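Chains A and B are the protein sequences, given in the same order. First residue of the first sequence? That's 1 in our numbering, and the numbers climb one at a time after it. First residue of the second sequence? That's 1 in our numbering, and the numbers climb one at a time after it.
If we take Cβ atoms under 10 Å as the criterion, some of the chain A residues that face chain B in the derived model are:
(1) Arg135
(2) Asn196
(3) Val199
(4) His200
(5) Ala201
(6) Gln203
(7) Ser204
(8) Met205
(9) Gly206
(10) Ala207
(11) Ser208
(12) Arg211
(13) Arg215
(14) Asn220
Quick list of in silico lysine to any residue cross-link-like pairs, SDA-like style, CA-CA up to 25 Å:
(15) Lys194(A) x Gly91(B)
(16) Lys227(B) x Gly62(B)
(17) Lys194(A) x Arg84(B)
(18) Lys227(B) x Asp215(B)
(19) Lys194(A) x Pro89(B)
DEER-style ranges, computed between Cβ atoms:
(20) Glu174(B) x Phe136(A): 40 to 46 Å
(21) Phe136(A) x His274(B): 51 to 57 Å
(22) Ser156(B) x Val124(A): 30 to 36 Å
(23) Asp163(B) x Trp147(A): 49 to 55 Å
(24) Met138(A) x Arg329(B): 39 to 45 Å
(25) Asp163(B) x Ile109(A): 49 to 55 Å
(26) Glu107(B) x Trp147(A): 38 to 44 Å
(27) Gly146(A) x Asp110(B): 30 to 36 Å
(28) Val124(A) x Ser150(B): 27 to 33 Å
(29) Phe136(A) x Thr217(B): 44 to 50 Å
(30) Ser156(B) x Phe136(A): 35 to 41 Å
What the hints contain is simulated information worked out from the structure, not anything from laboratory work. Keep in mind that this is a model prediction, so the values were computed, not measured. The beta carbon of each residue, even a glycine, is placed where N, CA and C say it ideally should be.
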Amino acid sequence: MSNVSVGSASVSSANAAEQETVSGRRRNRFMEFVGRLVRERPLGAFGAAICVVLIFTGVFADVIAPEGYNAISPLDRLKAPSWEHWFGTDQLGRDLFARTVHGAQLSIIVAFAATTLSIIISAVIGIASGYIGGRFDMTVQRFVDGWMCFPDLIILIVAVSVLGPGTGQVILVLGLLFGIAGSRIVRGAVLSVKENTYVHAAQSMGASTLRILLRHILPNVMAPIIVLYTTRLAAVILAESGLSFLGLGIPPPAPSWGGMLSLDGRTYMFQAPWLAIVPGLALTVAVFGINMFGDALRDLLDPRMRGGGGRFIARVRKRAPASQR
Amino acid sequence: MNTDASGQGAASVAGHVADADQPVTGEAPRTLLQVRNLRTIFRHDHGSLTAVDGVSFDVRRGETLAIVGESGSGKSITAMSLLRLIPSPPGEIVDGEVEFDGRDLLELSDEEIRQIRGNEIAMIFQEPMTSLNPVLNIARQIGEPMEIHSRRDRDSIWKRCVDLLRQVRIPDPERRLKAYPHQFSGGMRQRAMIAMGLACEPKLIIADEPTTALDVTVQAQILELLKDLTRDHHSSMILITHDLGVVARYADRINVMYAGRIVERGTSDEIFNHPRHPYTLGLMESVPRLNDSDGTRLRPIPGQPPDLSNLPRGCPFHPRCRFAMDKCREAEPPLEQLSEEHWKACWVDLDDKH
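All chains, please: the whole structure from these sequences, using the hints.
What follows is the structure, encoded as C-alpha cells:
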C-alpha cells in the first residue's frame with residue numbers, strides 16, 4: 001500500500017510541478033525534485049498523492065461513476081453503505097459515491113479556475129503596483145486596503161445576491177476576492193526584486209518596461225507565486241464549500257461538497273450519517289492533501305531564496321538539504 | 001551648434017567655464033559627448049539636494065575619461081544622468097545639455113533615449129554579483145541588447161554571443177553561454193557584463209566602478225580587457241572610480257569631482273604629477289606608494305564629505321582644506337584653465353612643493 005502511494009506521489013508531483021512552473025523544463029529535473037520531495041517531505045509527497053487522486057477522480061468522474069450525480073432512484077432512498085452503493089444513497093436515492101466523485105470534479109474545476117483567475121489578478125496588480133511605485137502604487141494599495149477591510153463573507157454575499165448563484169459567478173467572485181488579497185504578496189516580492197542591479201542594468205540597455213516586467217521581474221517572483229497558487233487552491237475549495245453550504249454557491253442538484261453537507265447531510269444527519277460524513281471527509285482530505293503539498297513546496301522553494309523563480313529546482317538541489325527540515 | 005552649446009553653458013553657470021575648443025578633424029568631430037552645466041537634484045520632504053551641480057565636460061572619440069571622487073561626490077549620478085536613468089521622483093535633471101553625437105540626450109523622447117541606451121551608450125555596473133539575472137542563462141542576457149536593438153535572428157545572436165565571450169576571454173564559450181550566473185565567478189560575471197555592454201558595439205561605454213567587488217589581480221585583468229576592447233572597437237569610455245591606482249594606469253584624462261562639482265581636470269600625467277587642487281592633492285597623499293620611504297605616514301583628508309543639502313558657503317571643500325583662506329569661505333572658485341589640458345576650481349595657488 002505504501003509503495004503504491006509513494007509511486008503515485010512521484011507521478012503526481014511531477015505533474016503538479018509541471019503545471020506550476022513557467023514552461024516545460026527538462027524531465028529529469030522534475031524526477032530529482034520528486035525524489036527530494038519524497039525523501040525530505042514525506043507528508044508533502046503524501047499530500048501530492050492525494051492531489052493526484054483528486055485530480056484523477058475529477059477528470060475521470062464520468063468514467064468512474066457513469067450514472068451521473070443526479071440519477072434519482074426513489075426505491076433506494078437513504079440506503080446505508082453497501083457493495084452496491086459504496087457510500088450509501090441520499091434521500092432521493094442518488095448514489096453518494098457518484099455524487100462525491102462528481103463533487104470532486106466540481107471542486108477542482110472551481111478551484112483551478114478561481115485560483116488561476118486570482119493569481120493572474122494578483123500578479124497583474126502586484127507587479128504593476130510594485131514596479132511602477134510612487135503615486136500609482138499608493139493609490140492601488142489604498143484601494144486594496146479598503147477591499148481587504150471588508151469581511152470576505154459580506155463581499156461574497158453581496159456579489160452572489162447581485163450576480164445570482166452559479167458556478168461561473170462563484171469562480172468570478174472567489175477569483176477576485178483572493179486575487180486582490182494576494183496582490184500584496186506579489187507586490188512585496190516585486191519590491192525586493194526590482195532593486196536588483198540586473199533590473200537597472202536592463203533599463204540601461206534600453207529594455208522597455210514591459211520587457212523588464214516579463215523578462216526580469218516575473219520569473220524572479222515565480223517562487224512566491226507558485227506557493228501562493230497551491231495555498232490558494234485549498235482555500236478556494238473551502239470557500240466554495242462554505243458558500244454552497246450557505247446556499248450562496250453552486251445551486252443543487254450540482255454535487256458541491258458544501259451543498260451536500262448542508263442540504264442532505266444536515267437534514268438527515270441522524271437517519272443517514274454517511275450523508276454528512278462522506279462529503280465532509282472528502283473535503284477534509286482534499287484540503288489536507290493540497291495544504292500538505294503546498295507546505296512542502298514552500299519549504300523546498302524556500303521563501304528566503306531571493307530571485308529563485310523558474311530555476312528553483314537547480315537551486316533547491318544546491319541548498320543545504322536535511323538540516324533545514 | 002557646438003559653439004552655441006558651450007557658449008550657453010559657460011554663460012549660465014556661475015563661474016564654471018567650459019572648455020570651448022572644438023577643432024573639427026576630418027568628417028567626425030573630435031568630441032563624442034559634450035556635457036554642459038548638468039544639474040541633477042533629488043527632492044525630499046524638506047526641500048532638495050543638488051547631487052550634480054553644474055558639471056561640464058567632454059569625452060573625445062576613442063579616449064578613456066576618468067571621473068574620480070569619493071562616495072557621494074556625484075560621479076555615479078552624473079553618469080546615470082547622461083542616460084536619464086535617474087529614478088524620478090525623487091531625482092530630476094533640472095538643467096544642462098548632454099550632446100552626444102549631435103543630439104541632446106536630455107531633449108529626446110523616452111523611446112528615442114531607449115534606442116540610445118545599450119545601443120550607442122552602454123553601461124557596466126559596479127556589482128557583478130547582482131548585475132546578472134539569476135533565472136536567465138548567460139546567452140539570453142548577453143543577447144538581450146541585440147534582441148532589443150538589432151534585427152538579428154536567434155542564430156546570429158548566438159554566434160555573436162560566442163564571439164563576444166571569446167573577446168572577453170572566457171574559455172569554452174559555447175558551453176558557458178548555457179550556464180547560469182551562479183555558475184560564474186565574480187570575474188567571469190564582470191566579463192559577461194562587459195560582453196553585454198559591447199554587444200551592440202556602442203560608441204561610448206560608461207563603466208561605473210567596474211572592479212570594486214573583485215580581487216586585485218582580477219581587477220587588473222578586467223581593466224586591461226576593457227582598455228583593449230575599447231581600443232579595438234574605437235569606443236570611448238567613461239571610467240568612474242574612487243581608485244586612483246586604476247585611474248593612473250588606464251585613463252587618458254581625469255575629472256576630479258567633489259560635492260557634485262568638477263574641481264580639477266587634466267591629463268592623467270598632469271593630475272598625478274602636478275595636482276593643483278588641494279582635494280586632488282589630498283587624494284594622492286592618502287594612497288600608499290611603493291616607493292615611499294619607510295615610516296612615511298599617509299596623510300588623510302580630515303573630516304567627512306559634505307552634506308549636499310547643507311553645503312558650506314564659498315568653496316565646498318574649504319572646511320577640510322588645509323590651505324583655506326578667507327576668500328575660500330566667501331566665494332566659490334570657478335573652474336579656470338591653467339594650461340591647455342589642465343583646469344582647476346580653487347583660489348589657492350598650489351605649486352609642486354607644498
